[in-house]
Amino acid sequence: MSIIEPFRLLLFLVGIMAFVGLNAAYLVWVERKGAARFQRRPGPTEVGYGGLLQPIADGIKLLSKQLHVPPGADGVLFRAAPLLVMIPAMIGLAVVPFSESLVARDTNVGLLMIFAFGSINVMAIMLSGWSSRNKYAIISAARIVSQDVAYEIPMLLVVVTMLMATGTMNLNEIVQQQAGWFWRWNIFRLDVNPLMPLTFIIFFVCMLAETNRAPFDMAEAESELVAGAFTEYAGMGFGVFFIAEYANIILGCAFATILFLGGWQSPFGVWSGVFWFLLKMYVLVFTVIWVRWTFPRTQFYNLLNLSWKLLIPISLSTLILTAVVMKVLK
Amino acid sequence: MKALLKEIGSGFHSLVTGMRITLGQFFKPQVTVHYPHETLKMPVRFRGHIELVRDPQTGKAICFACKACEKACPSDCIIVEGVKREGERRKSVTEFKLDFTKCSLCGSCVEACKSEAIRFSKDYNLASVSKEEFIMDLFKRLESEQPKPPQAQPEQSKEAA
Amino acid sequence: MISSLQELADQFNKLIAQDVPLPTTPAVPVAAGAQVGTAAPEPASPVQLTDHAAKGFHLDVRLRPERVVAAATLMDENGFAIDAVTGVDWMAEGQMEVVYDFFHPAHAWRVVVRARVPREKPELPTISEIYPGANWHERETHEFFGIVFLGHPNLTPLLLPEDATYHPLRKDFKA
Amino acid sequence: MSALSALSSGETKGETFVINVGPQHPATHGVLRLKMTMDGEYITRAEPVCGYIHRMHEKMGENRTWAQFLPNTGRIDYLAAMAYSHAYVGAVERAAGIAAPPRAEYIRVITSELNRISSHLVWFGAFLLDLGGFTPLLYAFDDREKILDILEALTGSRLTYSYYRFGGVCNDVDDDFIRGTREFVAFMRPRMKMYHSLVTDNIILRKRLIGIGVISAEMCRQYGATGPVIRGSGVGYDVRKSEPYSVYRDLDFDVPVYPEGDCMARYLVRMEEMVQSLRIIEQALDKLPAGPVMASGVPRTLKPPAGDCCFAVEAARGRLLVRIVSDNKEMPYRVRLRTPSFCNLSLYEEASQGMMLPDALALLGSLDLVIPDIDR
Numbered sequence: 000m001s002i003i004e005p006f007r008l009l010l011f012l013v014g015i016m017a018f019v020g021l022n023a024a025y026l027v028w029v030e031r032k033g034a035a036r037f038q039r040r041p042g043p044t045e046v047g048y049g050g051l052l053q054p055i056a057d058g059i060k061l062l063s064k065q066l067h068v069p070p071g072a073d074g075v076l077f078r079a080a081p082l083l084v085m086i087p088a089m090i091g092l093a094v095v096p097f098s099e100s101l102v103a104r105d106t107n108v109g110l111l112m113i114f115a116f117g118s119i120n121v122m123a124i125m126l127s128g129w130s131s132r133n134k135y136a137i138i139s140a141a142r143i144v145s146q147d148v149a150y151e152i153p154m155l156l157v158v159v160t161m162l163m164a165t166g167t168m169n170l171n172e173i174v175q176q177q178a179g180w181f182w183r184w185n186i187f188r189l190d191v192n193p194l195m196p197l198t199f200i201i202f203f204v205c206m207l208a209e210t211n212r213a214p215f216d217m218a219e220a221e222s223e224l225v226a227g228a229f230t231e232y233a234g235m236g237f238g239v240f241f242i243a244e245y246a247n248i249i250l251g252c253a254f255a256t257i258l259f260l261g262g263w264q265s266p267f268g269v270w271s272g273v274f275w276f277l278l279k280m281y282v283l284v285f286t287v288i289w290v291r292w293t294f295p296r297t298q299f300y301n302l303l304n305l306s307w308k309l310l311i312p313i314s315l316s317t318l319i320l321t322a323v324v325m326k327v328l329k
Numbered sequence: 000m001k002a003l004l005k006e007i008g009s010g011f012h013s014l015v016t017g018m019r020i021t022l023g024q025f026f027k028p029q030v031t032v033h034y035p036h037e038t039l040k041m042p043v044r045f046r047g048h049i050e051l052v053r054d055p056q057t058g059k060a061i062c063f064a065c066k067a068c069e070k071a072c073p074s075d076c077i078i079v080e081g082v083k084r085e086g087e088r089r090k091s092v093t094e095f096k097l098d099f100t101k102c103s104l105c106g107s108c109v110e111a112c113k114s115e116a117i118r119f120s121k122d123y124n125l126a127s128v129s130k131e132e133f134i135m136d137l138f139k140r141l142e143s144e145q146p147k148p149p150q151a152q153p154e155q156s157k158e159a160a
Numbered sequence: 000m001i002s003s004l005q006e007l008a009d010q011f012n013k014l015i016a017q018d019v020p021l022p023t024t025p026a027v028p029v030a031a032g033a034q035v036g037t038a039a040p041e042p043a044s045p046v047q048l049t050d051h052a053a054k055g056f057h058l059d060v061r062l063r064p065e066r067v068v069a070a071a072t073l074m075d076e077n078g079f080a081i082d083a084v085t086g087v088d089w090m091a092e093g094q095m096e097v098v099y100d101f102f103h104p105a106h107a108w109r110v111v112v113r114a115r116v117p118r119e120k121p122e123l124p125t126i127s128e129i130y131p132g133a134n135w136h137e138r139e140t141h142e143f144f145g146i147v148f149l150g151h152p153n154l155t156p157l158l159l160p161e162d163a164t165y166h167p168l169r170k171d172f173k174a
Numbered sequence: 000m001s002a003l004s005a006l007s008s009g010e011t012k013g014e015t016f017v018i019n020v021g022p023q024h025p026a027t028h029g030v031l032r033l034k035m036t037m038d039g040e041y042i043t044r045a046e047p048v049c050g051y052i053h054r055m056h057e058k059m060g061e062n063r064t065w066a067q068f069l070p071n072t073g074r075i076d077y078l079a080a081m082a083y084s085h086a087y088v089g090a091v092e093r094a095a096g097i098a099a100p101p102r103a104e105y106i107r108v109i110t111s112e113l114n115r116i117s118s119h120l121v122w123f124g125a126f127l128l129d130l131g132g133f134t135p136l137l138y139a140f141d142d143r144e145k146i147l148d149i150l151e152a153l154t155g156s157r158l159t160y161s162y163y164r165f166g167g168v169c170n171d172v173d174d175d176f177i178r179g180t181r182e183f184v185a186f187m188r189p190r191m192k193m194y195h196s197l198v199t200d201n202i203i204l205r206k207r208l209i210g211i212g213v214i215s216a217e218m219c220r221q222y223g224a225t226g227p228v229i230r231g232s233g234v235g236y237d238v239r240k241s242e243p244y245s246v247y248r249d250l251d252f253d254v255p256v257y258p259e260g261d262c263m264a265r266y267l268v269r270m271e272e273m274v275q276s277l278r279i280i281e282q283a284l285d286k287l288p289a290g291p292v293m294a295s296g297v298p299r300t301l302k303p304p305a306g307d308c309c310f311a312v313e314a315a316r317g318r319l320l321v322r323i324v325s326d327n328k329e330m331p332y333r334v335r336l337r338t339p340s341f342c343n344l345s346l347y348e349e350a351s352q353g354m355m356l357p358d359a360l361a362l363l364g365s366l367d368l369v370i371p372d373i374d375r
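Chains as they are written, first to last, in numbering that gives the first Met the number 0: chain A, 0 to 329; chain B, 0 to 160; chain C, 0 to 174; chain D, 0 to 375.
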């Protein structure tokens, strides 16, 4: 390790934080504008041109509000929860290769690292619900735990399938394997797993569930639990959860892009680069928004049924199928 | 098993159909009117708060304080006073108080008025920080306004009908 | 199950036949100007088939307050649904009238059952055991008129504040 | 679900706690409060607490003239005000022996049915919002806006119409109204298809509604639940058919009935009712006779003869009964409003027992409550 490495890492971490912050702010804008377009209304228009300054206005509003800890709540955990939910998303992005060289830490266990830190997310939201001393928040916390645990299993099974297909945990290597025309992307690698597109859909669904996005937003479930685990949070405490939600979406979409859609590889085999990565990622992010503004919320037991009775069996069978296919073909 | 597969198939199809529909709406033009940059034309029969009508000949209020509107009002929010001046055939109105905080915009008063002396205004932008502003003296309001150009009159009498 | 309204009227007649005749309402002179209510002249028979086009119901039954449970049971057995329970304050006559409306979901039948209770002691048995839907209607009638439904499980105000002690639909109530 | 059977037998395994859903809660549109005793996510008892916007319309009726009560009728159920005016006007006309001219009756039917569609559209949007789907709400409001524009141009008001009078209606319809209504009918039919493929067929929605919140026909009868609630429980009870008022006898329409009694059945009943209302409007426009819109000889101060009479209409939420008692004075002796939401909500406590919170809120949404209609 050279002497520059710590500085390089620091620079990247600052870069990632800026990237996440900017993205979260402007994804809120994109979400609001997108929702508006789906619903045939203008969305924010008044603050800045096309409402472009709206996220900044929102941020200032949130910052100016009092951080209120409800009486009887566990103050330490209540304050720690927003941080705990934010940090794993940031760390996860540290191993994401935006392009061949644009990666904070090109580690050999990148895949594992994202999952290791991603699991903290569940605990953090649960803590926020539990420490709020609010009945809605408690119900929400209980829901989140069972939901996230249920969806982590099929997600991991899918990732193990990909691991077998690629044979590496290094994210950059996974992308490099997908070089060439777009049929070289993992999503079209029907030779290792004939059910690959289905595997991708399972991954995408699990990603929606893990990030507590509609139609799986049991945690917030506005019409049932007011604001779920975040009911008692005010000001920037709530704001951090909000940013973390988008950070997690970005991480999830980036991860899906790397695993299935060839990361920074161009679909034509030439001019690969960060542009392609961002394009693919934002298309996925748009799909997430699109899904949210189309469907009603699932019921809780249907959500668990979907995971335990459908996604886990299917992902398990794709795993076995891949194993068999790879064994036979080799 | 077959039923389950069928359900998965039709379920997935329904989700894709839903997404197709919302995407179709995405590219359609907006339906919102950008208030306050754009406003809509109020319909002719719009029931705003009431106002007195000016007689185009004399330039004074038509109202002669018969109090039919006062009696018709279900919320008791109208108080009309009038005097009979020397040399005039009928009474003339001196005070026409409308307590808009109580008014339910039902239009009974306009209907009760036989001489079309009151009509609905098209003023929908009513907001204030004090209650007193909504206890309006419509007679003073009429007096303080400039008489409108006469061509506006025939249309208004049609509205009141 | 009945097949015609005449049959139902007969059943009501049978029910009422056991009673002593209803007391005729005392004629009280009405003070000029006061809104105290003069009821329409009451029909001779307590069970009347009426013209729906003129009244809005088909059968009009007047009975003694202690008979309302039997009447409600009769309605329930014949498949009627509860429409409403309400009161009318006949202050001049010193009485309160409790009106039960029933409709039939399958036939186009409407039945009105009335019972009068003295104004000083407005009490009659509840029918919420037979029709759970009457529970709320009786609570409402209780809070608005002060009519007590004996045996009602929860005779607390429904629409008025919890601590309301007044009965706004009584004719002598002034806000 | 063993917890469910434990609940129905009255025993709870652990601690219960109370949550207040309302009076300020996103799922109770208006100020309804549900005091829910919960065992985890299961409801052991949900007690509705109402009266937060009680205004005592019935006493108001006793303190003003017959005609002065008319504006009040628009403020009981603010989403379907026409039907309430219709019931009150009908009762007074019945008591006073006034008959509205045929053109007025047709106009009443057209406007009432337009109002029913607009009310069902609000329900549709709000119900989907309860289920977490936001976008259909705005599509529904977009359509409803068209109805409100039509009715505003006719009556001068968007919600509290106060349009009917004893003996007719206060304004005649013009060609713009007829053209606008025909355009709306033509526009709405494909819209309904769109709603079905966007919402009704959606697997998530079907999973949430089918078999949830079953209300039996017997329960409806005992509680006096009417409208789409009883029709979703397999009983084809509709006041427009059973006690035909106005000119409904001359119009051809079906009463949609679904036997399942679950939320989906009530949903489908309302969706189908909108289509039937479009049919009614179309026929009524075709048959609209010429002539006056007000009966002649209606006295200015009305004094109906002493006695009581009822008038029932099919409001958007069910059977609405107005009972008036007259003592031959210029003010009513008693006005009784039997509102459908009141009776439909009264069965909630029994129906919601042992349900999970989100299902119970789906059930609440499927009852289509308007709180001022309950509290009056």
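Some clues are possibly wrong.
What the hints assert, rightly or not - Quick list of in silico lysine-lysine cross-link-like pairs, DSS-like style, CA-CA up to 27 Å:
1. B:LYS101 x C:LYS173
2. C:LYS170 x D:LYS302
3. D:LYS34 x C:LYS173
4. B:LYS27 x D:LYS328
5. D:LYS328 x D:LYS145
6. B:LYS27 x D:LYS192
7. B:LYS40 x B:LYS90
8. B:LYS59 x B:LYS96
9. B:LYS40 x D:LYS145
What the hints assert, rightly or not - So the derived label-pair ranges between C-beta atoms look like this:
10. D:ARG188 x A:ARG40: 22 to 32 Å
11. A:GLY49 x C:TYR165: 41 to 51 Å
12. D:SER196 x C:ALA105: 33 to 43 Å
13. A:GLY234 x B:PHE26: 34 to 44 Å
Don't read these hints as lab results, they were simulated from the structure. Remember, predicted model here, so these are calculated numbers, not experimental data. The beta-carbon is built from N, C-alpha and C at its ideal position, and this holds for glycine as well.
Quick rundown of the hints versus the structure:
The suggested pairing of LYS101 (chain B) with LYS173 (chain C) holds, with an alpha-carbon distance near 20 Å, which does not exceed 27 Å. Note on LYS170 (chain C) and LYS302 (chain D): the hinted pairing holds, with a Cα-Cα distance of about 19 Å set against a maximum of 27 Å. With a C-alpha separation of about 33 Å, the suggested pair LYS34 (chain D) and LYS173 (chain C) falls outside the 27 Å cut-off, and the hint is violated. Between LYS27 (chain B) and LYS328 (chain D), the direct Cα distance comes to roughly 59 Å. Violation of the 27 Å bound is thereby established for this hinted pair.
The hinted pair formed by LYS328 (chain D) and LYS145 (chain D) fails the criterion: a straight-line CA distance of about 42 Å is larger than 27 Å. The straight-line distance between the Cα atoms of LYS27 (chain B) and LYS192 (chain D) is roughly 18 Å, inside the 27 Å bound, and the hint therefore holds. Distance hint between LYS40 (chain B) and LYS90 (chain B) is unfulfilled; the C-alpha atoms sit about 37 Å from each other, more than 27 Å. Between the alpha carbons of LYS59 (chain B) and LYS96 (chain B) the distance comes to roughly 17 Å, so the proposed pair stays at or under 27 Å and holds.
For the hint linking LYS40 (chain B) to LYS145 (chain D), the alpha-carbon distance of about 15 Å falls within 27 Å, and the restraint holds. The beta-carbon spacing between ARG188 (chain D) and ARG40 (chain A), approximately 24 Å, falls within the hinted interval of 22 to 32 Å. Between GLY49 (chain A) and TYR165 (chain C) the C-beta distance comes to about 58 Å, which lies outside the given range of 41 to 51 Å. The hinted range of 33 to 43 Å is satisfied by SER196 (chain D) and ALA105 (chain C), whose Cβ atoms lie roughly 35 Å apart.
The hint said 34 to 44 Å for the Cβ distance between GLY234 (chain A) and PHE26 (chain B), and at roughly 38 Å that hint holds.
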